[in-house]
Structures are given as structure tokens and as C-alpha cells.
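Chains as they are written, first to last, in my numbering: chain X, 1 to 356; chain U, 1 to 356.
No lab work stands behind these hints, which were simulated from the structure alone. Keep in mind that the hints are not guaranteed to be accurate.
Unchecked claim - Think about it this way: if two alpha-carbon atoms lie no more than 25 angstroms apart in a straight line, the pair counts; the simulated DSS-like pairs of lysine-lysine are:
1) U:K215 x X:K215
2) X:K20 x U:K20
3) U:K261 x U:K2
4) X:K215 x U:K107
5) U:K215 x X:K211
6) X:K122 x X:K107
7) X:K312 x U:K215
8) U:K211 x X:K20
9) U:K312 x X:K23
10) X:K312 x X:K261
11) X:K20 x U:K23
12) X:K23 x U:K20
13) U:K211 x X:K110
14) U:K211 x X:K23
15) X:K23 x U:K2
Number of protein chains: 2
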Amino acid sequence: MKVHNFNAGPSVLPNEVLYKASKALIDFEGSGMSILEIGHRTPLFQAVMDEARNLVRELMQLEDDFEVLYLHGGATQQFLQVPMNLLENDGTASYIDTGVWSNKAIKEAKQFGFVDVAGSSKESNYNYIPKQFNVSPKSTYLHITTNNTIYGTQWQQLPEVDVPLVGDMSSDILSRQMDFNKFSLIYAGVQKNMGAAGVTMVAVRKSILGKVTRKIPTILDYRNHVENGSMLNTPPVFSIYISMLTLRWLRDQGGAAAMEKLNEKKAALLYDEIDQNPLFRGTVAKEDRSRMNVCFIMDKPELEDEFLKFTKKEDIVGIKGHRSVGGFRASLYNALPYESVEVLVEAMKYFSLKKA
Amino acid sequence: MKVHNFNAGPSVLPNEVLYKASKALIDFEGSGMSILEIGHRTPLFQAVMDEARNLVRELMQLEDDFEVLYLHGGATQQFLQVPMNLLENDGTASYIDTGVWSNKAIKEAKQFGFVDVAGSSKESNYNYIPKQFNVSPKSTYLHITTNNTIYGTQWQQLPEVDVPLVGDMSSDILSRQMDFNKFSLIYAGVQKNMGAAGVTMVAVRKSILGKVTRKIPTILDYRNHVENGSMLNTPPVFSIYISMLTLRWLRDQGGAAAMEKLNEKKAALLYDEIDQNPLFRGTVAKEDRSRMNVCFIMDKPELEDEFLKFTKKEDIVGIKGHRSVGGFRASLYNALPYESVEVLVEAMKYFSLKKA
């Protein structure tokens with residue numbers, strides 16, 4: 001029996017990925033060894049690494065200048081690795097401040113150069129995406145967080161700028177169609193839409209590397225990972241394997257185009273209910289609503305606990321909102337079935353009738 | 001059918017760990033979710049993290065001043081994180097050079113301060129552990145690699161010094177009894193003796209932290225991980241779970257004392273054969289022989305390929321030596337059964353008779 005898993009991350013994965021991985025834990029590809037017991041410099045694992053990187057390239061339709069890396073450390077490590085590799089001590093990078101994750105990225109960048117916060121929605125608790133901002137052509141890059149899990153906002157259109165674009169896509173990568181080639185560097189902890197916790201995907205244009213003068217520690221220098229085919233040191237073997245399986249599933253479903261269609265349908269169903277149901281209310285500017293994380297509250301906050309308990313009985317998991325917004329947050333990542341959203345919407349309808 | 005897995009790492013794991021993990025991939029503790037699908041800030045995962053850290057503390061019998069952390073990035077990241085957190089720009093750290101891994105650690109440390117290479121066995125291709133060396137009492141710390149996978153050497157006695165001792169124990173942690181409290185910082189990629197690839201264990205005395213003046217990026221500062229209970233960002237959930245299961249198994253076997261006994265027995269069986277069999281020869285000074293990685297060559301190198309093919313038919317995996325030493329390397333980590341060594345020794349005997 002599976003629950004309806006609306007966790008914000010780590011989160012739901014496709015059943016077939018879990019079944020295949022469960023078998024590989026006992027015997028991987030008939031090797032007589034578990035996937036956890038094979039050497040990372042064997043043809044067995046090299047095939048996994050190659051397929052995962054190639055699937056990223058194919059599904060994102062990346063131009064040749066891009067290198068695809070699987071790195072340790074989570075997106076949090078990228079907050080420092082990006083400016084360490086790209087930003088000179090006397091240079092300036094522009095960041096759009098759309099919440100907690102942008103702020104963490106900004107904090108690390110300040111250790112390596114100057115930061116220009118070109119836009120922010122802080123004054124209204126980040127419930128929209130800033131649309132008016134100026135980025136100096138002298139800026140080294142512009143950094144955006146394409147989806148904001150905590151507030152439920154998402155960039156619907158990419159900013160048009162003349163400087164390299166850097167994107168933290170941890171929570172919406174490959175959940176929709178996008179011209180990924182508009183970016184110069186994309187990073188994403190894989191645990192929401194393309195795998196499980198333990199590894200971070202970085203797609204970076206080779207042409208932007210090697211331009212800073214600072215000395216970079218070996219494992220933090222992207223060029224060393226490029227040179228070593230993403231195997232500078234022992235990689236997180238199992239996490240890369242799970243990402244490879246998830247990407248295979250994603251491709252077989254029809255890629256980003258199919259995901260976009262499914263995710264739009266799921267989000268529309270839930271937002272429609274929020275907008276129609278007198279008990280619930282969305283927290284985000286409609287035009288910036290995320291299709292990944294749907295945030296909503298109740299006009300009568302005293303009913304929230306009761307609703308949570310009610311949904312729990314329906315095997316609905318993970319819809320409690322982040323403390324900085326309150327209320328509820330339902331995360332609708334790629335692997336969440338449409339049926340789970342139907343169950344949640346039915347629960348909202350039923351609860352509302354009961355209280356009417 | 002399982003093979004005899006002598007891989008140098010990632011390497012063999014206990015069967016019961018693999019079976020338990022295989023089930024948890026489908027349903028973790030009756031939650032209706034896979035271990036890959038649960039949030040890391042749930043009681044379900046908090047219990048895993050707590051048990052893993054407590055088991056490390058218990059099995060290593062660490063004093064209260066120690067904090068146990070599970071970090072991203074592999075031991076390779078510790079090569080930079082150790083000096084970044086401990087060594088002042090104008091300070092000096094001492095390192096004993098026992099091969100490739102020590103050298104990588106030395107290279108990173110040089111970016112943060114001065115390095116005094118207090119001893120080295122480089123002149124004889126690292127086939128012994130240096131015993132005569134002076135460490136200045138002004139040195140910030142002394143760094144050693146307790147076991148050297150590539151060359152098959154191992155520190156049998158810890159150096160007696162008046163400065164804090166730092167140990168890279170990636171390849172022999174908890175494989176033998178040791179007074180771990182002689183150290184101030186211990187790090188180990190867990191994939192050889194206490195888990196699978198994807199996470200690194202760091203045990204650090206709180207009293208040595210916070211003494212450098214440099215500004216440290218958030219995720220690289222040990223203090224931030226201490227403060228956040230090793231959950232500064234999304235941890236590598238599954239790798240920590242596997243480490244917890246492996247440590248449970250280790251405790252149930254009788255802990256480091258039982259492992260030492262088993263590993264000594266395995267190593268003795270193999271080294272005795274190497275010493276008696278006219279075809280084979282050990283490459284390491286006898287008093288420094290590793291009980292984890294047994295390196296040996298053939299006097300007639302032209303037979304090596306034939307022997308490799310012969311052992312392959314016996315389902316013996318992973319005994320090809322590292323290119324810098326050649327010949328063979330059999331890794332006898334905690335989870336390798338005694339029976340696998342018997343099979344290898346039988347193969348050596350039989351091959352030798354055939355060639356006599």
C-alpha cells in the first residue's frame with residue numbers, strides 16, 4: 001500500500017524505479033554483486049554514469065558546450081561553488097531574491113565578490129516573482145531560483161538579460177519544457193524531480209570556466225570534474241543509479257513535454273479547488289503560482305489541524321506548510337500521480353461540505 | 001549466487017544489510033513510502049540519523065568532546081575541509097607521506113597554510129610506514145593515513161606526538177581496536193568498512209574548532225554541521241541508512257574487537273600462503289603489512305594474466321592490483337567472509353601446483 005506522498009523533498013519516486021533498485025540492491029545486472037558492492041571504475045558502473053549524463057543532455061536538449069556533472073554535496077554546496085568558480089574578488093554578480101534559497105546563495109556569493117540584489121519580493125513575504133529589475137551588463141552573471149518550494153512561486157518566463165544566466169532548478173528541473181540553453185550554468189539537487197537525495201546535477205558551459213584568478217581547491221573546481229568525467233573521487237554510486245533510472249522513466253513518459261502536461265493538469269485541479277472552495281485560499285500571486293509546490297491556507301486557521309488529521313486518515317502525507325508561510329503545501333513533483341491530487345481535492349471538498 | 005568480492009572500494013557488504021535495505025526501498029518501516037521518499041526532517045529519518053551517529057560513538061568509544069557528523073563529499077573533500085577549518089594562513093601542519101592519498105591531502109593543505117612533510121616512504125614506492133620523524137610542537141596538527149589501500153601498508157602503532165592527531169581512516173575504520181581518543185579529528189569515506197559510497201563520517205573534537213580567523217563557507221564549516229545535528233542541508237539519506245545498518249551488523253558481530261580478530265585471521269591465511277607459495281611474493285615490509293589490502297606480485301609476471309583468468313572462473317572478483325604497484329591486491333574489509341579468502345588461497349595453491 002502506498003500513501004499519497006506530497007512531501008516537499010525528498011519525495012515520491014516512480015514505482016518502477018523503486019522495484020528495479022530494490023532488485024539491484026541484491027544483484028546488479030547478474031554480476032553476483034549488489035549495486036552497492038561494485039567498483040566505481042568498472043564497466044558496470046561506467047555504463048550507469050554514461051547513461052545518466054547522456055539522459056540529462058538528451059532530455060534538456062543541451063548544446064555541445066555544456067558538460068553534465070553529478071557532484072557530491074547538495075545544491076547548498078553549489079551556493080559557494082558557483083561564485084568560487086565564476087566570480088572575481090572585485091567582480092559583481094546579480095541575484096534575484098525570491099526567498100530562503102536565493103538568500104543562502106547570496107550569502108555565500110558575498111564571500112567571493114560583490115553581490116547586486118537586482119530584484120526582491122521580500123517586502124511581501126516572497127509571494128510573487130519580481131518582474132522589474134535591471135541587471136548591469138558588467139555583472140558576471142545573473143542567478144535565479146527557478147522555483148521556490150517554501151512560498152510556491154515559479155518563474156513562468158525566463159529573464160531576458162545580456163549576462164550569463166545561472167539557475168538553481170533543484171525543485172523544478174525537467175518538470176516542464178524550457179530553453180535550458182538560455183543558461184550558462186544550471187544546478188539541481190536531484191531529490192525532487194530526477195532522483196533521490198545524495199547527489200547534485202550540474203550542467204555548465206565549458207566556455208565560462210577558467211576565468212577567475214583565485215586558486216580553487218581541487219574538488220570544488222568544476223574543471224577537475226569535467227576532466228575526470230565526473231569521477232574525480234568515488235561518486236555517490238547509488239544516488240547516480242537512482243537518478244539514471246528516474247531519467248529513463250521520465251524519457252519513457254515522454255520527457256519534459258509530457259511532464260509539463262501532467263504537472264499542469266495536476267496543478268490546475270488543485271488550484272481550481274483552492275479558488276472555488278470557500279474554506280481555502282492561495283497565498284501566491286496567480287500569475288506566479290508554482291506547478292510544483294502549491295501553497296494554501298485556511299481563512300479559519302483554527303480548522304487547519306482538523307483538516308490535517310482528516311487528510312491523514314486518507315493516507316495523504318506531507319501537506320503541512322513550511323513554518324514561514326503556514327497553512328498547507330502540496331508538492332506535485334513529476335512522480336506524483338494525478339490520482340493523488342484527486343484524493344486531496346476530494347478530501348478538501350468533503351471537509352468543506354462537512355463544515356458548511 | 002554471490003561472488004567472492006575483493007574490491008578495494010566500493011566493496012562487499014553484509015548480506016543482511018542488503019536484504020533489509022532492499023525491503024526498505026519498497027516500504028520503509030511500514031510507512032507506505034520508500035526510504036528514498038521520506039522527508040529528512042521527519043521522525044522516521046531522525047531516528048536513522050540518531051542511531052547511526054550513536055553507533056559510531058559507541059563502537060569507537062569516543063569521549064564526550066567528540067561530535068560525530070555524516071557529511072557529503074567523500075574523504076577527498078575532507079582533504080581541504082580539515083586545513084580550511086584548522087590551519088591558519090601562517091600556521092604549519094605536519095603530514096606523513098604514505099602514498100597517493102596522503103599526497104592529495106598535502107596538496108590541499110598547502111592552499112591554506114604551510115605543510116611540513118615530517119616523514120615519507122616515497123623513495124621505496126611507499127612499501128613501508130615511516131617510523132622516524134620529528135613533529136614540531138608548534139605544528140597545528142599531524143595528519144596520517146592509517147591504511148594505504150594502493151600499497152597495502154597500515155600503521156600498526158599510532159605515532160606519539162604532542163600535537164593534535166588527524167587521521168584519514170577511510171580504509172580501515174572500525175576494522176580493528178584502536179584508541180580513537182588519541183585523535184582530535186578522524187574522517188572516513190564509509191564505503192569500505194562501515195557502509196556504501198555517498199557519505200563521509202567525521203568525528204571531531206569540538207575543542208579544536210573555531211580557532212582559525214579565515215571566513216569559511218557555510219557548508220564547509222564543521223561548526224555549522226555540529227550546530228545542525230549533521231542536517232545543515234538535505235543529507236544523503238540512503239547512504240546514512242546503509243551505514244546505520246552496517247554499524248548495527250558490526251555491533252552485533254562484537255564490534256571492533258571481533259572485527260580485528262576476524263580480519264587478522266583472514267589476513268594471516270592469505271599472507272601465509274603468499275610467503276609459502278613459490279609463485280607469489282608480498283610487496284610490503286612485513287611489519288607494516290595491511291590487514292585490509294593485501295598486495296602481492298608474481299616472480300614471473302607473464303603468469304599474472306593467466307592467474308587472473310583462473311580466479312575469475314572461481315568467481316573471485318576485484319584482485320587486480322593498482323597500476324602503481326601492479327600484480328594483485330585482495331581487499332579483506334569487515335564484510336568479506338573468511339570463506340572467500342579460503343577460496344582465493346585454494347586457487348593460489350592449485351595454480352601453483354599446476355605450474356610446478
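Structure-based check of all given hints:
Annotation: proposed proximity of K215 (chain U) to K215 (chain X) holds, straight-line Cα distance about 16 angstroms (limit 25 angstroms). The suggested pairing of K20 (chain X) with K20 (chain U) holds, with an alpha-carbon distance near 16 angstroms, which does not exceed 25 angstroms. For the hint pairing K261 (chain U) with K2 (chain U), the CA-to-CA distance comes to about 24 angstroms; that is within 25 angstroms, so the pair holds. Distance restraint check for K215 (chain X) and K107 (chain U): the Cα-Cα separation of roughly 12 angstroms lies within the 25 angstroms cut-off, and the hinted pair is therefore satisfied.
In summary, the hint linking K215 (chain U) to K211 (chain X) is supported, as the alpha carbons are separated by about 23 angstroms, within the 25 angstroms threshold. Between K122 (chain X) and K107 (chain X), the direct Cα distance comes to roughly 15 angstroms. Compliance with the 25 angstroms bound is thereby established for this hinted pair. Annotation: proposed proximity of K312 (chain X) to K215 (chain U) is violated, straight-line Cα distance about 45 angstroms (limit 25 angstroms). For the given pair, K211 (chain U) sits about 48 angstroms from K20 (chain X) by alpha-carbon distance, which is inconsistent with the 25 angstroms threshold.
A C-alpha spacing of about 24 angstroms is found between K312 (chain U) and K23 (chain X), which places the hinted pair at or below 25 angstroms, so the restraint holds. For the hint linking K312 (chain X) to K261 (chain X), the alpha-carbon distance of about 28 angstroms lies beyond 25 angstroms, and the restraint is violated. A threshold of 25 angstroms between alpha carbons decides the hint, and for K20 (chain X) with K23 (chain U) the separation of about 12 angstroms falls inside it, so the pair holds. This hinted pair checks out: K23 (chain X) and K20 (chain U) have alpha carbons roughly 12 angstroms apart, not beyond 25 angstroms.
With a C-alpha separation of about 22 angstroms, the suggested pairing of K211 (chain U) with K110 (chain X) holds against the 25 angstroms cut-off. Pair hint K211 (chain U) plus K23 (chain X) does not hold up; C-alpha atoms about 48 angstroms apart against a cutoff of 25 angstroms. Straight-line distance between C-alpha atoms of K23 (chain X) and K2 (chain U) comes to about 14 angstroms, which keeps the hinted pair within the 25 angstroms bound.
Hint compliance for this structure: hints 7, 8, 10, 14 are not met, and every other hint is.
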